[in-house]
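Enquirer: Here the protein sequences come in this chain order: D and E.
Quick note: the first sequence uses the numbering used here, first residue 1, plus one each step.
Quick note: the second sequence uses the numbering used here, first residue 1001, plus one each step.
Hints listed in this document are in silico derivations from the structure and should not be mistaken for laboratory results.
Check before you lean on any hint, since a few could be wrong.
Unchecked claim - Under the rule of at most 20 Å between Cα atoms (straight-line distance), these lysine to aspartate or glutamate pairs were calculated in the EDC-like manner:
no. : chain 1 : residue 1 : chain 2 : residue 2
1   : E       : Lys1058   : E       : Asp1027
2   : D       : Lys42     : E       : Glu1056
3   : E       : Lys1042   : E       : Glu1079
4   : E       : Lys1042   : D       : Asp63
5   : D       : Lys102    : E       : Glu1079
6   : E       : Lys1037   : E       : Asp1027
7   : E       : Lys1058   : D       : Glu101
8   : D       : Lys42     : E       : Asp1017
9   : D       : Lys102    : E       : Asp1059
10  : E       : Lys1042   : D       : Glu1
11  : E       : Lys1037   : D       : Asp63
12  : D       : Lys57     : E       : Asp1027
13  : D       : Lys57     : E       : Asp1084
14  : E       : Lys1057   : D       : Glu101
15  : E       : Lys1037   : D       : Glu101
16  : E       : Lys1037   : D       : Glu1
17  : E       : Lys1022   : E       : Glu1079
18  : D       : Lys102    : E       : Glu1015
19  : E       : Lys1042   : D       : Glu44
20  : E       : Lys1111   : D       : Glu44
21  : D       : Lys78     : D       : Asp63
22  : E       : Lys1042   : E       : Asp1017
23  : D       : Lys42     : E       : Asp1027
24  : E       : Lys1068   : E       : Asp1049
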Amino acid sequence: EPEVTQTPSHQVTQMGQEVILRCVPISNHLYFYWYRQILGQKVEFLVSFYNNEISEKSEIFDDQFSVERPDGSNFTLKIRSTKLEDSAMYFCASSISGRNEKLFFGSGTQLSVL
Amino acid sequence: GENVEQHPSTLSVQEGDSAVIKCTYSDSASNYFPWYKQELGKGPQLIIDIRSNVGEKKDQRIAVTLNKTAKHFSLHITETQPEDSAVYFCAATQGENSGGYQKVTFGTGTKLQVIP
Chain D
1 EPEVTQTPSH QVTQMGQEVI LRCVPISNHL YFYWYRQILG QKVEFLVSFY NNEISEKSEI
61 FDDQFSVERP DGSNFTLKIR STKLEDSAMY FCASSISGRN EKLFFGSGTQ LSVL
Chain E
1001 GENVEQHPST LSVQEGDSAV IKCTYSDSAS NYFPWYKQEL GKGPQLIIDI RSNVGEKKDQ
1061 RIAVTLNKTA KHFSLHITET QPEDSAVYFC AATQGENSGG YQKVTFGTGT KLQVIP
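With the hints as constraints, model all of the structure from the sequences given.
Expert: Dropping the structure here:
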């Protein structure tokens, strides 16, 4: 079965530094998402992306966050100036279509902000 | 916005017994309810889903039920096996008002342990 791949699997950074998390969605998928999961808590929606623009974002996704699809395959999440509370597992997901279709999740990037 | 509650937070069952996880949701416009299984170190994986025009769906040992009136939905796993041990999340989409962009609201998760 096709997979969403994420790199790196672990990222350690100092508070205030910029990080970029990378994802390669499934090739024929058109909708892309970032979710995060703080240790022991629920998975939370961050942002959805379609047709090269953000279609929806949560209150978590403030000005410190940005997403980009720099080429035909990668989908990135950038955190401009990391805070301690940004420490979490970040999941990328994709789907063929937007409405009520199966989301495929990657294995996640564990971000630790020190 | 949507709020999804999930119970229990942990569940231990003997191998071969059944496991039931229950969820409630708040947004009556939600119309799609997926269930995800998350194994250690992995991302959530869809195991079954149900749409609001259906009351029950079954796939081998897994079944889901939906009560739209009460805003309840449940996951039933029969004849549990050790490999069923994982964290299970229920979820709901925002429905028509979301613009269709899959803003999935997850429950808090149930850690299922199947004891051999």
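Enquirer: Would you mind marking each hint as holding or not holding in the structure?
Expert: Hints versus structure:
1. With a CA separation close to 24 Å, the supplied pair Lys1058/E and Asp1027/E exceeds the 20 Å bound.
2. Using a Cα cut-off of 20 Å, the hinted pair Lys42/D and Glu1056/E is violated, with the two alpha carbons roughly 25 Å apart.
3. This hinted pair does not check out: Lys1042/E and Glu1079/E have alpha carbons roughly 24 Å apart, beyond 20 Å.
4. A hinted pair counts as satisfied when its Cα atoms are at most 20 Å apart, and Lys1042/E with Asp63/D does not qualify at roughly 28 Å.
5. Among the hinted pairs, Lys102/D with Glu1079/E is inconsistent with the structure: their alpha-carbon atoms are about 26 Å apart, more than 20 Å.
6. As the CA atoms of Lys1037/E and Asp1027/E are separated by approximately 23 Å, the hinted pair breaks the 20 Å bound.
7. Between Lys1058/E and Glu101/D the alpha-carbon distance is near 18 Å, which keeps this suggested pair within the 20 Å criterion.
8. Distance restraint check for Lys42/D and Asp1017/E: the Cα-Cα separation of roughly 26 Å exceeds the 20 Å cut-off, and the hinted pair is therefore not satisfied.
9. Of the supplied pair hints, the one linking Lys102/D and Asp1059/E holds, its CA atoms being roughly 16 Å apart against a limit of 20 Å.
10. A threshold of 20 Å between alpha carbons decides the hint, and for Lys1042/E with Glu1/D the separation of about 15 Å falls inside it, so the pair holds.
11. With a CA separation close to 32 Å, the supplied pair Lys1037/E and Asp63/D exceeds the 20 Å bound.
12. A C-alpha spacing of about 18 Å is found between Lys57/D and Asp1027/E, which places the hinted pair at or below 20 Å, so the restraint holds.
13. Straight-line distance between C-alpha atoms of Lys57/D and Asp1084/E comes to about 33 Å, which puts the hinted pair past the 20 Å bound.
14. With a CA separation close to 16 Å, the supplied pair Lys1057/E and Glu101/D stays within the 20 Å bound.
15. Between Lys1037/E and Glu101/D the CA atoms are separated by roughly 17 Å; this keeps the pair inside 20 Å, and the hint holds.
16. Using a Cα cut-off of 20 Å, the hinted pair Lys1037/E and Glu1/D holds, with the two alpha carbons roughly 17 Å apart.
17. Restraint check for Lys1022/E and Glu1079/E: the C-alpha separation of about 18 Å stays at or below 20 Å, so the hint holds.
18. Restraint check: the Cα-Cα separation between Lys102/D and Glu1015/E comes to about 29 Å, which exceeds 20 Å; the hinted pair is violated.
19. The straight-line distance between the Cα atoms of Lys1042/E and Glu44/D is roughly 16 Å, inside the 20 Å bound, and the hint therefore holds.
20. For the given pair, Lys1111/E sits about 18 Å from Glu44/D by alpha-carbon distance, which is consistent with the 20 Å threshold.
21. About 10 Å separates the Cα atoms of Lys78/D and Asp63/D, which keeps this hinted pair within 20 Å; it holds.
22. For the hint linking Lys1042/E to Asp1017/E, the alpha-carbon distance of about 26 Å lies beyond 20 Å, and the restraint is violated.
23. As the CA atoms of Lys42/D and Asp1027/E are separated by approximately 18 Å, the hinted pair is consistent with the 20 Å bound.
24. Using a Cα cut-off of 20 Å, the hinted pair Lys1068/E and Asp1049/E holds, with the two alpha carbons roughly 14 Å apart.
Hint compliance for this structure: hints 1, 2, 3, 4, 5, 6, 8, 11, 13, 18, 22 are not met, and every other hint is.
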